[in-house]
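**Student:** In case you want the letters, here they are:
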Amino acid sequence: AQKITQTQPGMFVQEKEAVTLDCTYDTSDPSYGLFWYKQPSSGEMIFLIYQGSYDQQNATEGRYSLNFQKARKSANLVISASQLGDSAMYFCAMREDAGGTSYGKLTFGQGTILTVHP
Amino acid sequence: GAVVSQHPSRVICKSGTSVKIECRSLDFQATTMFWYRQFPKQSLMLMATSNEGSKATYEQGVEKDKFLINHASLTLSTLTVTSAHPEDSSFYICSALRTSVNGEQFFGPGTRLTVL
Chain A
11 AQKITQTQPG
21 MFVQEKEAVT
31 LDCTYDTSDP
41 SYGLFWYKQP
51 SSGEMIFLIY
61 QGSYDQQNAT
71 EGRYSLNFQK
81 ARKSANLVIS
91 ASQLGDSAMY
101 FCAMREDAGG
111 TSYGKLTFGQ
121 GTILTVHP
Chain B
-15 GAVVSQHPSR
-5 VICKSGTSVK
5 IECRSLDFQA
15 TTMFWYRQFP
25 KQSLMLMATS
35 NEGSKATYEQ
45 GVEKDKFLIN
55 HASLTLSTLT
65 VTSAHPEDSS
75 FYICSALRTS
85 VNGEQFFGPG
95 TRLTVL
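So the sequence lines, in the order shown, correspond to chains A and B.
Numbers 11 to 128, taken from this note's numbering, label the letters of the first sequence in order.
Numbers -15 to 100, taken from this note's numbering, label the letters of the second sequence in order.
If you are wondering where the hints come from, they were derived from the structure by calculation, not from laboratory data.
Treat the hints with care, since some could be wrong.
Calculated lysine-lysine pairs in the DSSO-like style (CA-CA distance at most 27 Å, straight line) [claimed, not checked]:
no., chain 1, residue 1, chain 2, residue 2
1, A, Lys26, B, Lys48
2, B, Lys48, A, Lys13
3, B, Lys39, B, Lys4
4, B, Lys25, A, Lys13
5, B, Lys48, B, Lys25
6, B, Lys50, B, Lys25
7, A, Lys83, B, Lys50
Taking beta-carbon pairs under 10 Å as the criterion, some of the chain B residues facing chain A (in silico) [said to hold, decoys possible]:
no., residue
8, Ile(-4)
9, Phe12
10, Gln22
11, Thr33
12, Gly37
13, Gln44
14, Gly45
15, Lys48
16, Lys50
17, Ser57
18, Leu60
19, Asn86
20, Phe90
21, Thr98
Keep in mind it's a predicted model, so treat the numbers as computed, not measured.
Glycine residues also receive a C-beta, built at the ideal position from the N, C-alpha and C atoms.
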């Protein structure tokens, strides 16, 4: 079964508008972390935002915010005031804190290609 | 954020040759590094976990004799693709785990391997 699911292969948004990229996850581990990364065409993975499973508040980093709905096991990324430079592939990832040799291991979703139109 | 470098950024080789990719953590010591493989427009697939001073842990389906991993120091892990074939052509990305920062992985810029 997929541990991380991103159901939107592609998304389009108008410049300056907000966009939400969906991510759902599946884990029985009570302690885990959720990450969002941006991957432009150059291939580098750029860290955007992190949410810990015990964090009470939704994470925010500048124009990025994470809509964390723990009961629904969803961790959607909201990008406000989209810019042309936001066009890229976006990945949601989960770290399960089972410990041992698997600590730190990330499982990635399929990714969403975001295109920002002028 | 922390800096992780990868070398080379691009490599083209003939079928049957071996290729070594280096991953360096430049400003922190990384006990654990990860190697991923990514095909165009697809997700990152974890190949193996590299632990300094011990054998790498490979994911199911990844041939350990094909993809040799060495993590000889706290700042360097290497991936060697042995006897490369065209199907090994891919984008290889490494990351270094920094346990003090939310267990965050810092990614290298990737290496694009093309096997002719």
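**Student:** Each hint should be assessed against the structure and marked as holding or not.
**Tutor:** Each hint, compared with the structure:
1. A:Lys26 with B:Lys48: Judged against 27 Å, a Cα distance of about 47 Å means the pair is violated.
2. B:Lys48 with A:Lys13: 25 Å, holds
3. B:Lys39 with B:Lys4: 17 Å, holds
4. B:Lys25 with A:Lys13: 19 Å, holds
5. B:Lys48 with B:Lys25: 25 Å, holds
6. B:Lys50 with B:Lys25: 24 Å, holds
7. A:Lys83 with B:Lys50: Status violated; Cα separation ~37 Å.
8. Ile(-4): Cβ of isoleucine -4 of chain B sits 16 Å from chain A, so the hint is violated.
9. Phe12: 14 Å, violated
10. Gln22: Holds - the Cβ of glutamine 22 of chain B comes within 10 Å of chain A, reaching about 8 Å at its closest.
11. Thr33: Result: holds, 6 Å to nearest chain A Cβ.
12. Gly37: With Cβ-Cβ at 13 Å, over 10 Å, it is violated.
13. Gln44: Interface hint status for glutamine 44 of chain B: violated (13 Å vs cutoff 10 Å).
14. Gly45: 15 Å, violated
15. Lys48: 15 Å, violated
16. Lys50: 21 Å, violated
17. Ser57: 18 Å, violated
18. Leu60: Result: violated, 18 Å to nearest chain A Cβ.
19. Asn86: Because about 5 Å separates asparagine 86 of chain B from the closest Cβ in chain A, which is inside the 10 Å limit, the hint holds.
20. Phe90: Phenylalanine 90 of chain B check passes; min Cβ-Cβ to chain A is 8 Å, inside 10 Å.
21. Thr98: 14 Å, violated
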